[in-house]
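Visitor: Going by this note's numbering, 336 is the number at position 340 of the sequence shown; the sequence numbering is gapless.
Keep in mind that the hints were calculated from the coordinates and are not lab data. Keep in mind that the hints are not guaranteed to be accurate.
Below, simulated DSS-like cross-link-like pairs (lysine-lysine); rule was C-alpha separation at most 30 Å, straight line [claimed, not checked]:
#1 K(-1) <-> K325
#2 K(-1) <-> K366
#3 K233 <-> K70
#4 K(-1) <-> K78
#5 K(-1) <-> K116
#6 K(-1) <-> K233
#7 K83 <-> K25
#8 K78 <-> K325
#9 K70 <-> K232
#10 K366 <-> K25
#11 K83 <-> K70
#12 K74 <-> K366
#13 K25 <-> K74
#14 K325 <-> K83
#15 K70 <-> K366
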Amino acid sequence: MRKHWIDNLRWVTVLLVLLYHVIYFYNNKGVFGGVGGFGDGPQYQDVLMYILYPWFMPLLFLLAGISARYSLEKHPAKEWFKSRTRKLLVPSTIGLFVFQWMTGYFNTLVARQSVLASMKQPALYFLWVVSGTGPLWFIQDLWLFSLVLLLIRRITPLPASKGKCAFSCKWASKASILWIVLLGILFWLGEQTLIRNPRPESADGLYNLYKPFFYLIPFLMGYYIFSRDGVQETVKKYWIPLMAGAVIAGIALIITTWGENNTTPEYLCSPLNCLYGWMMCLAMMGWFNARFDRTNAFAGYMTRTSFGIYITHYLIIAGLGSMMFFYTKLPPAAMYIILTIAVFTISPLLYEGLRRSPFLGWCIFGEPIKQKK
């Protein structure tokens, strides 16, 4: 029986990513990648970054780990990985050359570095391709973790079969809420793998963006622990106190760190940030399991299309967002409103249009090419 709460939580989190990117694009907290803010004064809308960033991407990896176990119970590992490669690796490699280079164009426009003026084609195009990766780091990480998972399953003494996996023990089915909360220590340890003082002109910043060791932890916890019915029921039972604890930790985090760049290694490694991030992951899973384990036509549509919306959305952010910022005199409120409406309406329309081409659907979204009858 399909667990609709997982589908619903995934697409709702994707929509939160879209909203986050609207706010982040105009932030004045020094977060890399946006065009900058509207002066040095307080931008209270930036609070959304402090609320969302500590948990929404770890949560997506947790859900991906849970889904991986369910899928591997139904499909052979080789078939599953082949599907993952098409769905994840093709859009984040070939798709860069076909579609995401346009995002890269606007990203380099935002950078406004004088060295770009001297570059000629095709070197400039390849720069756009690389710069167009943007949010696709998520699916690149996810493909790598899928490969790591298969390697772990192969070398562990108790291979996964018939619904039993190597590290799923009696504890996983009978875990108390205290032990589940204490798994946040692994969340904190994962953040400690970030490079605290990234060197300019090095790959340190790229490593801190991908955070491979940090994000691998929630993915594996999703597969081995949170895919267990007993763990899910425990988190569901305690979702209200978990949410209360998360809200308290989040308020304390925002009050004590307001104005800081919330993506720096020092910020992310702090115990309070890790506590808030982990508690929100648990609270959101418990809340959706308790209240949103159902579907309807709209939820079903969002479940099917959220991946494509995620793939297309940042072109809207980078393109329209930078054009308004650099070439219009619109007030900030108008820019936020226009960009929000645009990203939530144009992204699904763009996905629906592109996927109808078998070639573009395969390149950009990793959709299988249907054989003609």
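Visitor: Against each hint, give a clear statement of whether it holds in the structure.
Guide: Results of checking the hints against the structure:
With a C-alpha separation of about 47 Å, the suggested pairing of K(-1) with K325 is violated against the 30 Å cut-off. A threshold of 30 Å between alpha carbons decides the hint, and for K(-1) with K366 the separation of about 28 Å falls inside it, so the pair holds. Taking the CA atoms of K233 and K70, the gap is near 28 Å; set against the 30 Å cutoff, the hint holds. Under the criterion of a C-alpha separation no larger than 30 Å, the hint pairing K(-1) with K78 is consistent with the structure, at around 24 Å.
Under the criterion of a C-alpha separation no larger than 30 Å, the hint pairing K(-1) with K116 is inconsistent with the structure, at around 51 Å. Note on K(-1) and K233: the hinted pairing holds, with a Cα-Cα distance of about 16 Å set against a maximum of 30 Å. A threshold of 30 Å between alpha carbons decides the hint, and for K83 with K25 the separation of about 34 Å lies outside it, so the pair is violated. Our distance criterion of 30 Å between C-alpha atoms is broken by K78 and K325, whose separation comes to about 49 Å.
Straight-line distance between C-alpha atoms of K70 and K232 comes to about 25 Å, which keeps the hinted pair within the 30 Å bound. For the given pair, K366 sits about 46 Å from K25 by alpha-carbon distance, which is inconsistent with the 30 Å threshold. Using a Cα cut-off of 30 Å, the hinted pair K83 and K70 holds, with the two alpha carbons roughly 18 Å apart. Our distance criterion of 30 Å between C-alpha atoms is met by K74 and K366, whose separation comes to about 21 Å.
Among the hinted pairs, K25 with K74 is inconsistent with the structure: their alpha-carbon atoms are about 45 Å apart, more than 30 Å. Note on K325 and K83: the hinted pairing is violated, with a Cα-Cα distance of about 41 Å set against a maximum of 30 Å. Proximity of K70 to K366 is assessed by CA-CA distance (about 22 Å); at most 30 Å being required, the pair is judged to hold.
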